[in-house]
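Asks: This is what each chain is made of:
4 protein chains.
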Amino acid sequence: MWNREIKLSIFGESHGNGIGAVLDNLPPGEEIDMEQLLAFLARRAPQNGKAGSTARTEADTPEILSGLLDGRTTGAPLCAIIRNTNTRSGDYGNISSLARPGHADFTGHIRYEGFNDVRGGGHFSGRLTAPLVFAGAVCGQILERRGIYTAVHILSIHGVQDTPFDTVHPDLQAAAEVKRKSFPVLDNRQGERMQVEIERARLGQNSVGGVVECMVTGVPAGIGSPMFEGMENDIASIVFGIPAVRGLEFGTGFAAAKLTGIEHNDGFYSEDGQVKTKTNHHGGILGGITSGMPIHFKVAFKPTASISLEQDTIDYKNNTNQKLVIKGRHDSCIVPRAVPVVEAAANIAVLSQLLQHHKG
Amino acid sequence: MWNREIKLSIFGESHGNGIGAVLDNLPPGEEIDMEQLLAFLARRAPQNGKAGSTARTEADTPEILSGLLDGRTTGAPLCAIIRNTNTRSGDYGNISSLARPGHADFTGHIRYEGFNDVRGGGHFSGRLTAPLVFAGAVCGQILERRGIYTAVHILSIHGVQDTPFDTVHPDLQAAAEVKRKSFPVLDNRQGERMQVEIERARLGQNSVGGVVECMVTGVPAGIGSPMFEGMENDIASIVFGIPAVRGLEFGTGFAAAKLTGIEHNDGFYSEDGQVKTKTNHHGGILGGITSGMPIHFKVAFKPTASISLEQDTIDYKNNTNQKLVIKGRHDSCIVPRAVPVVEAAANIAVLSQLLQHHKG
Amino acid sequence: MWNREIKLSIFGESHGNGIGAVLDNLPPGEEIDMEQLLAFLARRAPQNGKAGSTARTEADTPEILSGLLDGRTTGAPLCAIIRNTNTRSGDYGNISSLARPGHADFTGHIRYEGFNDVRGGGHFSGRLTAPLVFAGAVCGQILERRGIYTAVHILSIHGVQDTPFDTVHPDLQAAAEVKRKSFPVLDNRQGERMQVEIERARLGQNSVGGVVECMVTGVPAGIGSPMFEGMENDIASIVFGIPAVRGLEFGTGFAAAKLTGIEHNDGFYSEDGQVKTKTNHHGGILGGITSGMPIHFKVAFKPTASISLEQDTIDYKNNTNQKLVIKGRHDSCIVPRAVPVVEAAANIAVLSQLLQHHKG
Amino acid sequence: MWNREIKLSIFGESHGNGIGAVLDNLPPGEEIDMEQLLAFLARRAPQNGKAGSTARTEADTPEILSGLLDGRTTGAPLCAIIRNTNTRSGDYGNISSLARPGHADFTGHIRYEGFNDVRGGGHFSGRLTAPLVFAGAVCGQILERRGIYTAVHILSIHGVQDTPFDTVHPDLQAAAEVKRKSFPVLDNRQGERMQVEIERARLGQNSVGGVVECMVTGVPAGIGSPMFEGMENDIASIVFGIPAVRGLEFGTGFAAAKLTGIEHNDGFYSEDGQVKTKTNHHGGILGGITSGMPIHFKVAFKPTASISLEQDTIDYKNNTNQKLVIKGRHDSCIVPRAVPVVEAAANIAVLSQLLQHHKG
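Protein chains in written order, with our numbering: chain A, 1 to 360; chain B, 1 to 360; chain C, 1 to 360; chain D, 1 to 360.
Be aware that a few hints might be false.
Repeated chains share a single entry, so a pair holds when one copy, or any two copies, can fit it.
[What the hints assert, rightly or not] Each computed DSS-like pair below joins lysine-lysine, with the alpha-carbon atoms no more than 30 Å apart:
id : residue 1 : residue 2
1  : K179      : K7
2  : K181      : K323
3  : K327      : K317
4  : K7        : K278
5  : K276      : K258
6  : K179      : K278
7  : K327      : K258
8  : K7        : K258
9  : K7        : K323
10 : K276      : K179
For the record, the hints were derived by calculation from the structure and aren't laboratory data.
All chains should be built: construct the whole structure from the sequences, respecting the hints.
Replies: Listed below in structure tokens is the structure:
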């Protein structure tokens with residue numbers, strides 16, 4: 001459970017009856033546009049033919065059980081469920097006790113004393129990001145009505161770079177357009193190169209990783225708190241819940257470690273009564289509190305753990321050394337589908353912080 | 001407040017009566033060696049003459065008010081306070097309403113509606129890491145008694161690299177030694193080069209950033225949870241509470257985004273009944289749960305925001321554009337003093353997760 | 001959300017698509033007997049012809065979406081949903097903006113700014129106790145396997161008293177039997193008198209209240225904490241979430257205020273290595289921590305707020321004074337159906353405390 | 001820790017270095033009048049010669065370490081400590097392993113595995129209510145500035161009744177006056193009778209219990225939430241943290257169980273645009289949410305557990321049956337000193353709920 005001003009319970013296992021989310025503490029009376037919500041969810045859903053995407057297709061249409069009436073939030077907990085329909089458990093039969101490297105098979109087995117549902121990754125499955133995206137889509141609509149907009153794109157895949165966002169003078173139109181693309185990059189030429197990398201990995205029964213960049217504009221200054229309840233901490237505590245995330249950096253991030261103070265410090269200036277900075281190395285957050293500049297962070301994703309090349313592993317039931325070849329349907333790069341998941345994470349964290357400081 | 005299995009309240013302002021911490025939910029009966037605890041705290045304290053360190057010296061001796069009897073935890077909340085003694089408020093008089101770039105002066109002013117204590121950074125001061133280190137030192141002693149050991153060192157300063165930890169076959173003796181060094185690096189030659197960088201920054205009235213590397217050995221497999229209650233999330237939610245942190249990566253981190261699956265996946269093998277991996281790209285955590293391999297992460301610190309070069313800023317009380325020259329005592333690089341702070345953060349998060357899963 | 005060692009999210013509105021619960025942090029591998037679970041739920045369900053019960057009948061069969069595999073908990077969040085099927089909204093049409101006295105219509109309207117679902121009481125409906133009972137039934141099975149047994153009965157209705165439990169030498173067989181009764185009292189003669197009171201109230205278009213007594217046996221000594229995290233606090237924080245609850249007392253409760261110390265103090269003695277008390281005025285809890293004696297508490301329920309007699313009220317939309325006659329189906333006494341709800345509350349609180357102190 | 005919108009950590013042991021509280025999440029800029037605060041604390045402090053009060057006297061002057069500057073809250077955690085000065089440990093030497101009936105000696109010993117500080121009751125001591133009162137006094141001043149006023153008095157001692165509050169048309173002047181009395185009752189004649197009861201108990205080396213009544217006026221309608229996050233739940237979760245509390249009832253409470261619906265329901269009416277009820281059986285709360293009528297509740301206190309009469313007990317170290325005579329200084333009735341503690345609990349819970357719904 002994510003346990004802040006907003007509470008988010010995500011439940012479900014990949015091959016169980018269903019998955020879903022309960023969002024607690026949303027303000028009442030917020031309009032939720034279902035079409036827009038489904039469009040957001042569709043960006044995460046696997047697509048046949050889409051670069052890097054698994055062949056498994058699912059309706060993934062959430063059913064809202066509570067918390068919404070006549071298109072508006074009631075203020076009571078909002079619960080949505082998504083049925084698991086297209087579940088070919090057979091594919092996973094032969095790996096039931098061989099730990100897939102890079103997966104939580106072994107660690108989950110120890111943690112849950114052998115009782116966890118291992119089919120399709122169970123509660124560890126990337127499929128659990130669907131309710132996370134649902135929650136983030138709801139929060140995003142509430143934020144947009146307050147003039148807050150979250151932009152995301154693929155920043156790199158296997159080292160191929162997209163143009164980064166301008167986080168000082170953000171181009172909101174470009175940010176809106178990139179979301180509508182089937183392959184969300186600013187520079188389509190680089191996007192094609194990325195897709196070549198993904199296709200090469202797929203053909204080699206291998207996989208590749210990448211980085212997602214996220215920027216949130218329109219957040220007023222003064223949202224957050226120092227130390228453990230800051231904006232970074234809240235974003236981090238969701239982002240590290242996304243499967244395959246290995247790193248998170250705000251503003252200039254790790255590169256800041258190589259700079260000097262005069263290079264990194266963002267000078268303030270006042271223009272038309274608005275306080276701004278000339279650069280945005282600080283990523284819109286100082287002391288855990290927003291500065292009014294766009295919030296900016298990057299998230300590193302490891303290459304998909306499921307690959308069809310032979311790997312060394314153990315049978316975790318009898319502790320013997322084994323060889324493993326994973327069959328089945330897998331994304332050779334999960335980064336394109338991770339883009340809306342990162343957006344969702346940002347939306348949830350930012351709305352939660354906003355509500356904590358300006359009720360309603 | 002850090003609000004997990006262990007609850008940690010850190011209070012205080014830089015120039016108030018005192019600072020401190022309340023640690024709730026520690027197991028009873030744990031021996032706490034005060035000498036070892038003070039030695040840990042001393043590693044964070046500013047030292048005259050130490051590279052990059054402010055000239056302000058303080059006793060920084062914590063007084064334990066509760067939760068400890070005859071050298072053992074009682075199980076009741078453990079509270080320690082540290083008096084503020086050496087506070088030369090005068091130095092800060094002239095910047096009371098000029099926002100120092102890279103600091104939380106402006107964001108804190110908005111957040112707290114002008115009522116926050118701005119003297120010496122107030123509640124945002126790096127001085128607040130002293131009670132964090134206290135808490136981490138207590139947790140570290142409890143972990144060590146369970147065979148868990150946290151190793152930390154400076155990995156880089158302004159681009160100068162130390163030898164990284166071997167996170168597959170950790171050298172515990174080297175890890176123990178590096179803590180005792182006044183400048184905690186594995187390769188002293190590189191440490192000298194780092195100190196040259198720091199001194200150059202100081203002479204130029206500038207500052208430099210760096211990276212701290214942390215490794216926790218001896219954590220049993222199976223500690224943690226998927227999604228929002230994982231080991232990474234808990235570590236992240238403290239680490240991003242340390243002032244000046246800009247990035248956090250686990251295992252291979254951002255570099256993983258450039259690898260392929262077969263390069264990044266860590267094959268499992270069984271040896272003497274113990275499950276291990278041949279490499280440790282996963283940083284000891286899979287699906288939010290420990291694998292039994294060392295937990296491994298890196299933390300990026302920006303260059304110290306307080307520099308004496310002239311900077312553009314605003315007066316946040318009348319919103320006018322101004323020039324600022326910061327006087328006073330400042331670290332030209334906070335990374336050396338951040339090393340025990342990162343260790344403390346790891347100790348708190350790991351002990352909290354451990355207690356959540358194995359009471360007592 | 002109930003936010004302790006166990007986390008419990010209850011969602012749903014009376015006339016929405018469905019209601020349900022998410023239980024987080026259950027131990028893995030616990031067997032859940034579905035038949036026993038349904039039998040528990042049936043005790044709360046409205047029954048035609050049962051004294052005091054509404055005529056609305058529902059299947060109320062929970063569908064488990066996640067967290068259970070092959071009859072055992074997986075350790076992942078357990079979610080169950082119950083569809084709303086038999087919803088005759090028409091009955092409620094005429095009271096949509098007349099505040100029913102004793103109900104949350106007016107307070108909910110202010111709290112949710114007019115956006116809450118008011119049909120059938122919405123999220124305030126007593127129907128929401130069904131997922132609470134589901135959660136308590138699950139927890140109860142986990143407790144029973146550890147030798148902990150929760151006994152409940154109607155202690156009084158409209159002043160007619162049942163025999164109280166013997167909380168020093170509990171009669172476990174009688175406690176088990178009383179649950180199986182359609183009208184759960186120890187003394188059937190008194191039960192008949194209570195039913196006469198209920199029937200009289202029904203005929204008079206009125207309603208009556210009562211008291212439920214609860215006792216939990218087999219809880220080991222040493223579970224709980226002083227001050228805010230005690231056993232009483234946790235029980236109270238759920239019990240006061242049950243609609244219509246007006247009071248809660250532990251052990252001798254309010255009557256203790258009339259006693260002297262020598263009358264109220266329970267002397268300890270040791271027998272066969274077991275520490276016991278000769279009386280149980282303390283209700284099995286001292287300083288927030290269990291003593292090993294049965295936990296004992298009583299819960300006061302007000303008379304059902306929905307009555308068909310004419311009442312003074314306001315139209316909360318235009319703030320005019322009005323007369324109200326409530327039509328529709330209502331329990332003239334909710335106490336019989338509240339009995340398993342109180343049991344559920346006890347189960348959840350006690351299991352949560354137990355897991356907090358003895359993991360697994 | 002009390003873990004709601006406001007977070008309250010209370011630490012300390014009766015004979016340790018000090019006790020105190022950390023209050024997190026107070027709004028910034030709130031004026032705190034220290035004189036008024038000390039006057040509040042003085043009402044809880046033991047007084048020589050005061051009916052029922054222990055002879056132990058302490059300065060009990062809190063030192064504020066953080067969170068307050070120039071008489072206003074800064075918004076950072078507010079920490080206050082109180083030194084333990086007058087600690088005659090000798091008195092307790094002979095009972096170190098004899099469990100005092102009605103105390104947490106035995107349960108605490110099991111819970112903390114023998115490591116808890118038992119001197120003077122340790123963390124279980126009634127002395128820990130001093131920081132609770134401190135916190136409540138701070139919250140009370142913040143509430144008063146918003147027109148919210150908490151009234152408390154002794155409702156009964158050993159069966160002798162004071163006049164109850166009028167919770168429909170509250171007499172605020174009488175409520176203010178009763179606080180200033182050294183023996184806080186509305187009817188001084190009854191107060192004298194109560195003091196006779198206390199004195200009789202003292203002479204008999206015995207003790208007596210009683211009931212405290214609390215009313216909070218001026219709380220706007222619409223504050224709270226249904227189920228687990230309601231106003232009752234929050235009040236209960238603090239009230240049951242006060243030592244010696246055995247029962248809590250809202251509005252008509254347990255007596256409601258003997259009423260019919262038409263007797264108990266409070267009809268609404270509108271007057272001058274204000275919604276009111278003609279009676280206040282509901283205690284100002286419906287569905288967990290305030291109605292705008294005064295919040296009203298009663299708290300039952302057991303007779304002081306420390307009595308000097310001989311009692312049966314065990315030595316919890318060797319599990320032998322023993323006789324116990326408690327020496328030392330004890331209140332023969334804690335109810336008079338509990339009055340400001342109940343007020344403090346109400347203040348904390350109500351302010352927390354208010355801030356949750358109307359930030360700032």
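Asks: Please write out, lowest number first, the hints stated earlier that are contradicted by the structure.
Replies: Hints 2, 4, 8, 9 are the ones this structure does not satisfy, whereas the remaining hints hold.
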